[in-house]
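Since chain E is already given, all that's left is putting chains L and X on it; use the hints.
Residue numbers (the numbering used here), protein chains in the order written: chain E, 1 to 352; chain L, 1 to 327; chain X, 1 to 355.
Any given hint could turn out to be false.
As the list claims (entries may be wrong) - Quick partial rundown of chain X residues pointing at chain E, CB under 8 Å, derived from the structure: (1) 48; (2) 50; (3) 124; (4) 164; (5) 165; (6) 167; (7) 202; (8) 206; (9) 212; (10) 269; (11) 271; (12) 275; (13) 286.
Since the hints were derived computationally from the structure, they do not count as laboratory data.
C-beta atoms are modelled at their ideal positions from N, C-alpha and C, and glycine is treated no differently.
If you want the building blocks of each chain, they are given just below.
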Amino acid sequence: MTEPLLEVENVDITYRMDSEDVHAVTNASFEIGANEYFGLVGESGCGKSTLAKSVIKGLDSNGEVSAGTIRYKGREIQDLSEKEYNKEIRWKEISVIPQAAMNSLNPLAKLSDQAIEIANVHTDWSAEKSVDRLKELFDIVGLPESRVTDYPHQFSGGMKQRAIIAMSLLLNPSLIIADEPTTALDVIMQDQFLKHIDGLRDERDLALLLITHDIAVVFETCDSMAVMHGGQIAEKGTTKEIFSTPRHPYTILLQQSFPDARHPDRELEVIEGSPPALREEVDYCTFASRCPWAEQECQESLPPIESMNGNDSHAVSCFRSDEMESLASEHLNTIGRPQANAIENEGYEDDD
Amino acid sequence: MSKIKYYIRRLFVTVLLIFGVVSFLFIAFRLMPGDYATTLAGGGASSSELEEIRESWGLNEPLYMQYYHYMANMVTGDPGTSHVSNEPVLSYVRAPLMNSLILVIPAILVAFTIGSIYGALLGTKSGTAFERYGILPPTLAGTTPNFFIGILLLLIFSSALGWFPVGGMAGYETYAEVESHYEIYLTTDFWSHYVLPFTTIVLTFLYYPALIMRGSVIDVKGQEYTYFQRIAGLPSKTRFKHLMKHSSLPVITLLPAQTATAISGLVLIETVFNWPGIGTLLFDSVLSRDTPVIQFLFIIVAIWIIFGNLIVDIFYTVIDPRITIED
Amino acid sequence: MTTNNETEPILELRNVEKHFEQSTNIAETLRQTFFGEGAQEPVRAVDGVNLELAENQVHGIIGESGCGKSTLLLTLMGEHEPTGGEILYNGQPISEFDKADWKALRRKIQVIFQDPFNTMNPHFTVRETLKEPFKIHGIETDEEELLDMLETVRLTPAEEYIDRRESQLSGGEKQRVSIARALILEPDVVLADEPVSMLDVSTQASILKLLSELTEEYDVAMFYVSHDLSTVSYVCDEVNVMYLGRIVESAPTRKILSDPKHPYTQALINAIPVPDPFHDRSWTELDGTPGDPQNLPSGCRFKDRCPERMDVCDQQPAFEVHDEETTHQVACHLYDEQPVGDSPIGVNKTGVSES
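With the rest of the complex left out, here is chain E (with noise of 0.2 Å):
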């Protein structure tokens, strides 16, 4: 297997507060290949974006990688300087697609001036150079080269969206980290939005990491995808591994909590609770508070990622995934639903 592009291991990430420590990621470990489109779900609060954060170096002050490393092509990057970073990593290598793509430009000068600026910030580039590169990329995006020099408010809602990707492209890096890009938006706007997104795997070699809590967007989008909860990674492996065989119960109730347009009569899984407040040291299953199959065991230690029969690419944080098979279907037979691994092994009907 070739080198990672980025690999992020054993990861803590602690915020801290006035009067104690907020334990925001736990012992996060998730690999990203070269030209690979990966997920990472979860709630609100999950840590996702804190830990798509610290790969970008854009951690509030008050927060830090305290455990781990995140090695971008085998390199250590998480120690680096804002000054190192900036030089050899920011846009070049890595860049963002903000969770606010429609407001993320600024209101009041050009979008080629706006372009010029960053590539100043991390090339030698001429001016000159700059707009047009920026010319080719709003070509690739969709967008007639001849609006660079517009300003942001001349453009509709979804061209301010593509011309944040092509900012993103501008130095054309090889990771692009897109925090809830859609969240904000319409149905319509949206699937716009991860058309251009789906249609970049054409045009470049490109890796990208999502982050969302629209498991129904990962499952579309990307190839491979982490699910996240109170801090902690539960479940990875590739879209289809976590879709046709679930293995940790946040994974199997989250699935089954989301509508399926296909499938309106389905009744919905509710999740009851919520994830810990993560103040103390976390050592133990963050979800187990919150889990139908909880033991005692869930409660007292964290429990290790472990890859799922001998499957190099699926992997679980849960003691008693091996169980967890016939556990769920127990109890999605009891509220009266078809799992997952049915409805797959029956295999789907296309609606359009």
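Leaving out everything else, chains L and X in the frame of chain E:
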């Protein structure tokens, strides 16, 4: 529509507005209680004197003719004669006007500069104790009546410490030395008289720019694009520059209105400091019912506000691309 | 719209319009006077909407942002006065209501807002939030009633929740408080404005389930406004799809999801991500955003984005019953050939071209 066309149109509207205000003042002064001739003559004039005044001022003519003469005089730059000094209003008002402007314009500009910088400082430190309590001093200064601040400064720095003169614009000796009025501005005596009224105005007008800049900086700082600029690696100096440009927009809007407020507030400050400016002049003119002078001072203030807004509008189209000029 | 003979609608909208005149200031007026420019076109946010809400019914109003659904909701709340048409409450036109009637109406129509994070006064405890509606309407209340309500919206143990403040509640819990607040005066109608769109999808399910159960239990009717068709099946009996001020399709929920007629409805449904990596959904064909409600095209307002555009689309399509057995109505020329001659009473077949 091109910007030029917009400016021309905007200028046209400005001229119309000034025309309207000047006409309004004509009507307002005619509507004031009492016969206009009596108003002009001041108290205790005999009926023959009044008739004489009516004749010489053209008050026997029909109102529209009076209005025509009034407007014609204004347009040709002749606002009449002060009947207190019998001097043409223009030359009568010139020196006090200069005295006032030299005091108020720099003071307002300094107040806005210091206020904006201070407000920006508060805004960038939002969430800290400095931000929470730092707005108190300018608030206190801004909400205290300006004459009170003036008296306080006089008590401390003139009466108690004796650092600055008590009032006036210059001592008698200085007046005696200079050949023309404007030479006073070049003497050190003038500037030592200048410090306290200047400080009073600065203190009074710090408050609004500081408050608005603070809010504006907090607002802009919270906008998503500032996060994007940070994550894209723009150096903090560049980001600060963008932040300041964007945040200062509402403060700029405030400037002409605040200057007008300052000019109207001059009456009190100039009285406290015995400053021979248009505030004092207006006060005296109202007491002596010197209508042509009052009328002219009103017109000047109105024109200042109208032109100030024109300048701000034009400035906006340059600095803020979102201000679109509609077809 | 076809009339429902069994029960009188509790809330009825007849051709409701809400147009916003462009603001005119002095400079604008002078400009118009001296440069001979006409007034600007009004923004036609809501443009002739007919809806009927029967007792205990839940109707969805679905469309993208800018389609007028929020304006429609504000009009129903009495925040905007309609510029045309009539809203009837229990058969009474509300334009004739006096102050006392309005007060009574405000008690009978309650609202659940989109953003649970801004609707609660941050200084209020849950108790104070729930007591407020009683205070407004001068009604006595006791602790017992408040606790019961919290139990009803599954905030248990209620004793523990009642003293919490906004900052001590999660998004889902806040929305439960909003629901409790809306239902506590036992209204006839609830207007829900995107009540789950700010929540995680996994939390949405529980809130929708709750809403659906409570509308049954409390016998209330509801307008459910949203941009998302994926969850309507859990709450709505009927769905109305709105585009640029007009209803373009309306049908029972199951029907509209399984057999959408209008190309816009089809696009809305097709754009919903499917939680299944084996399913190969095609991306949306629609470009851009809904147009500007100030410069509306004549005829069908969707024509410029429509993949099925025809010449006839320059004429306004009638809003017609498409399918005789059901109340499936659609405003689209694609279905012009369908026999509508024998259609039920009260179908508006006129209004072809736009003035």
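For each hint, the structure was consulted:
1. Of the supplied interface hints, the one on residue 48/X is violated, with its beta-carbon coming no nearer than about 23 Å to a beta-carbon of chain E, more than 8 Å.
2. At its closest, the beta carbon of residue 50/X sits 24 Å from a beta carbon of chain E; the interface hint therefore is violated under the 8 Å criterion.
3. Proximity of residue 124/X to chain E is violated relative to the hint, the smallest CB-CB distance being about 21 Å (cut-off 8 Å).
4. A hinted interface residue such as residue 164/X counts as satisfied when its beta carbon comes closer than 8 Å to some beta carbon of chain E; here the least separation is about 13 Å, so the hint is violated.
5. Proximity of residue 165/X to chain E is violated relative to the hint, the smallest CB-CB distance being about 16 Å (cut-off 8 Å).
6. For residue 167/X, the suggested interface contact is broken, since its CB lies about 13 Å from the closest CB of chain E, more than 8 Å.
7. Contact between residue 202/X and chain E, as hinted, is supported at the beta carbon level, the nearest pair being about 4 Å apart and thus within 8 Å.
8. With a least beta-carbon distance of about 4 Å to chain E, the hint placing residue 206/X at the interface is held under the 8 Å criterion.
9. With 8 Å as the threshold, the beta carbon of residue 212/X stays out of range of chain E, its nearest partner Cβ sitting at about 11 Å, so the hint is violated.
10. Annotation: interface hint on residue 269/X holds; nearest CB of chain E at approximately 6 Å, less than 8 Å.
11. For residue 271/X, the interface hint holds, since its Cβ comes within 8 Å of a Cβ in chain E; the closest pair sits about 4 Å apart.
12. For residue 275/X, the suggested interface contact is upheld, since its CB lies about 4 Å from the closest CB of chain E, less than 8 Å.
13. Proximity of residue 286/X to chain E holds as hinted, the smallest CB-CB distance being about 6 Å (cut-off 8 Å).
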